[in-house]
Amino acid sequence: MSALPLRTREPGPQRFRDMSVKVGWGIVAWVVGIAFFLPVLWMVLTAFKPESAAETWPPRFTFSPTLSQFRLVFSGWGPYVTHSVIATVGSTILVLLLGVPAAYALSVHPVKHWRDGLFFFISTKMLPIVAVIGPLYVIALKTHLLDSIWLLIILYTAMNLPLAIWLIRSFMLEVPSELLEASELDGAGRIREMTEVILPVISPGLVSTALICVIFAWNELFLALNLTVTNAATMPMFLISSVPQEGLYIAHLSAAATVASVPVILVGWIAQRSLVRGLSMGAIK
Amino acid sequence: MAVVDTSTLLAPEPVVRPREASRRERWQRRLPLLPALIYIVIVTQIPFLVTLWYSFQNYFFDVPGGAHWAGLSNYKSVFTTAAFRSALWHSVIMTVTAVIVAMILGVLFALLLDRKFIGRGVVRTLIITPFLVMPAAAALVWAGPMLDPNFGLLNYLLQPFGVHHVAWLSTHALGSVIVVMIWQWTPFMMLIVLAGLQGQPADVLEAAKVDGAGALATFRELTFPFLRPYIELGILLGSIYLVNVFDQVRLMTNGGPGTATTNLPFYLYEQVNNAFDVGGAAAAGVITVILTIIVATFALRLFARVFQFEGASS
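In the order they appear, the protein sequences are chains A and B.
Note that the working numbering numbers the first sequence so that position 27 is 28, with each residue one more than the last.
Note that the working numbering numbers the second sequence so that position 293 is 408, with each residue one more than the last.
Be a bit skeptical, because a hint or two may be false.
[What the hints assert, rightly or not] Quick list of in silico lysine-lysine cross-link-like pairs, DSS-like style, CA-CA up to 27 Å:
#, chain 1, residue 1, chain 2, residue 2
1, B, K191, B, K324
2, A, K23, B, K191
3, A, K23, B, K324
4, B, K231, A, K286
5, A, K113, A, K286
[What the hints assert, rightly or not] Stretch-level coverage of chain A by chain B, calculated; a stretch enters the list once three of its residues show a Cβ under 8 Å from a Cβ in chain B:
#, segment
6, 40-46
7, 81-91
8, 203-216
9, 260-271
[Unchecked claim] Partial pick of chain A residues on the chain B-facing surface, computed with a CB cut under 10 Å:
#, residue
10, G27
11, I28
12, V29
13, V33
14, F37
15, G100
16, R116
17, L128
18, V131
19, L186
20, R191
21, N220
It is worth saying that the hints were derived from the structure and are not from the lab.
Quick reminder that beta carbons are idealized off the backbone N, C-alpha and C, glycines included.
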């Protein structure tokens, strides 16, 4: 009888210690998470300040929030956001139109040198686009594409296509071979195989491919800055234009940065699961 | 949930080889690939050929008369000016430091997030957010609200540690730019390593625990070797993007003070936009491409090793 209480009490402290270790690491994780998020939080907070409260020492954490900075942003962002949406959506559609057949030719019914093909595509991602910016400018000038939204669509497509081909291919390899064989037995041609078997199965994969392309195209600055002026200037350039030569601008800048970043942040939050696969170009499932 | 083992790549070809494909069949296979292939060749390769041509030309936007043959003089000036070498060096420092530190932090954060705790999903979401912020926005927000000497949040937070109104972007320009690169790319590394951790077989870890292995020994002997391909993948992909970093340099320091933060992308940008020197920029570009090809040859080999290559069907 006397041994019994001892035995039941014994796991108590042990469990308590496990518990507190667990809680301790949980707290560390929260602190790290909040610290990492802090600059984003500060950006959003500053966006709601009146300009006079944004540049103070010490920095102010309490203030009466105002939407005036956002109003200012929305009054000026029209052309920029239109260009960004057209360039992003246009290039993403083009990437899918070119990428799906190419991925098919490198996976389901592969060409002979499919490995070389894959590596050729990825090797173009490694060549720095910055190295050709001067000649690219001259080419754009001579083809009358300078400062046109088409130029951005063309270049963003080339920028995202290799990644998309690798990614879509990884989804196509997961289409069960029984399905493909069944459709072949049915006498379905290549086109019907694609539209009736492959596309329905990989459609979630195509959505995450599109999201990755949207993220990179929306955020791109280097090409837009070098090759556009007004007719095709995108959201990152809107941000630059919100920094004036003189005067207070921190709150206005923060509002513009928040507005410019929110679409991609939301897309990334929603698509967290497929983000890893997309960023690793299909290597991590 | 795994970067598949490399053995599939090295495995012998399947025994049943498809019958010698007919001419028609070969073209049927090739056809879907052609649009993308031709597109990429035109858009990415032609500019490189044009760059090669301009690298032998004397061509300034602001000098009338257009381009004329200049022989190797552009290359000579690239090699003799210190500016190119210094930009190359800054590119190397920035990329290597940012990739390594981001990876170390990424591994640590992934280990934290691999444990169960209340609100794990929320913390994960908080940590990945910096990667999603538009780089131009991140650069401008860091340069202003965060790092400003007079009202920046960082100086305020570091006050208890004896930091007073430091003008980070003039006194620690290179470090500041690298910090922002790390801040944006740590989440990327973390996501990749976390995927690796979660694919780790639980029974092996359990067995190690039963055998009385400490946490550190378990990490060194089991977890780290298992994570290796993920870490290599993260470093490889991170380097591809980070070597091209431009937004932060242009918007935080504009390459300065002096040329303290001028990396290759910014140097080439300046050659074209401020010096109007297309020929000089082209020569520097060609050299950059050659250097990249050397590095990329190793990188591609790593790619082949790291990536899953389940053979394509039939």
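Against chain B, run the beta carbon of A/F37 and see if the smallest gap drops under 10 Å. Holds - the Cβ of A/F37 comes within 10 Å of chain B, reaching about 5 Å at its closest.
Report holds or violated for the interface hint on A/I28, using the least CB-CB distance to chain B and a cut-off of 10 Å. Holds, because the Cβ-Cβ distance from A/I28 to chain B comes to roughly 8 Å (cut-off 10 Å).
Closest C-beta approach of A/N220 to chain B relative to 10 Å, hint status: OK, holds: A/N220 within 10 Å of chain B, min 5 Å.
Hint consistency between A/K23 and B/K191 [alpha-carbon to alpha-carbon, up to 27 Å]: 62 Å, violated
Outcome, coverage hint (the segment 40-46 of chain A, chain B; C-beta under 8 Å; three residues): holds (count 4)
Three-residue Cβ test at 8 Å for the coverage of the segment 203-216 of chain A by chain B: violated (count 1)
Would the stated hint for A/G27 survive a check requiring a Cβ distance to chain B of less than 10 Å? 3 Å, holds
With chain B as the partner, please determine if A/R116 meets the hint condition of a C-beta pair closer than 10 Å. It holds, given that the least Cβ distance between A/R116 and chain B is near 8 Å, below 10 Å.
Restraint check, 10 Å cut-off on beta carbons, for A/G100 near chain B: 6 Å, holds
Against chain B, with CB atoms and a cut of 10 Å, does the hint on A/L128 hold up? Nearest chain B Cβ about 6 Å off; hint holds.
Just to be careful: measuring from the Cβ of A/V131 to every Cβ in chain B, is the smallest value less than 10 Å? Where the cut-off is 10 Å and the nearest Cβ of chain B is about 4 Å from A/V131, the hint holds.
Taking 10 Å as the limit, does the beta-carbon of A/V29 come near enough to a beta-carbon in chain B? 6 Å, holds
Checked against the numbered hints given earlier, this structure breaks hints 1, 2, 7, 8, 19; the rest are met.
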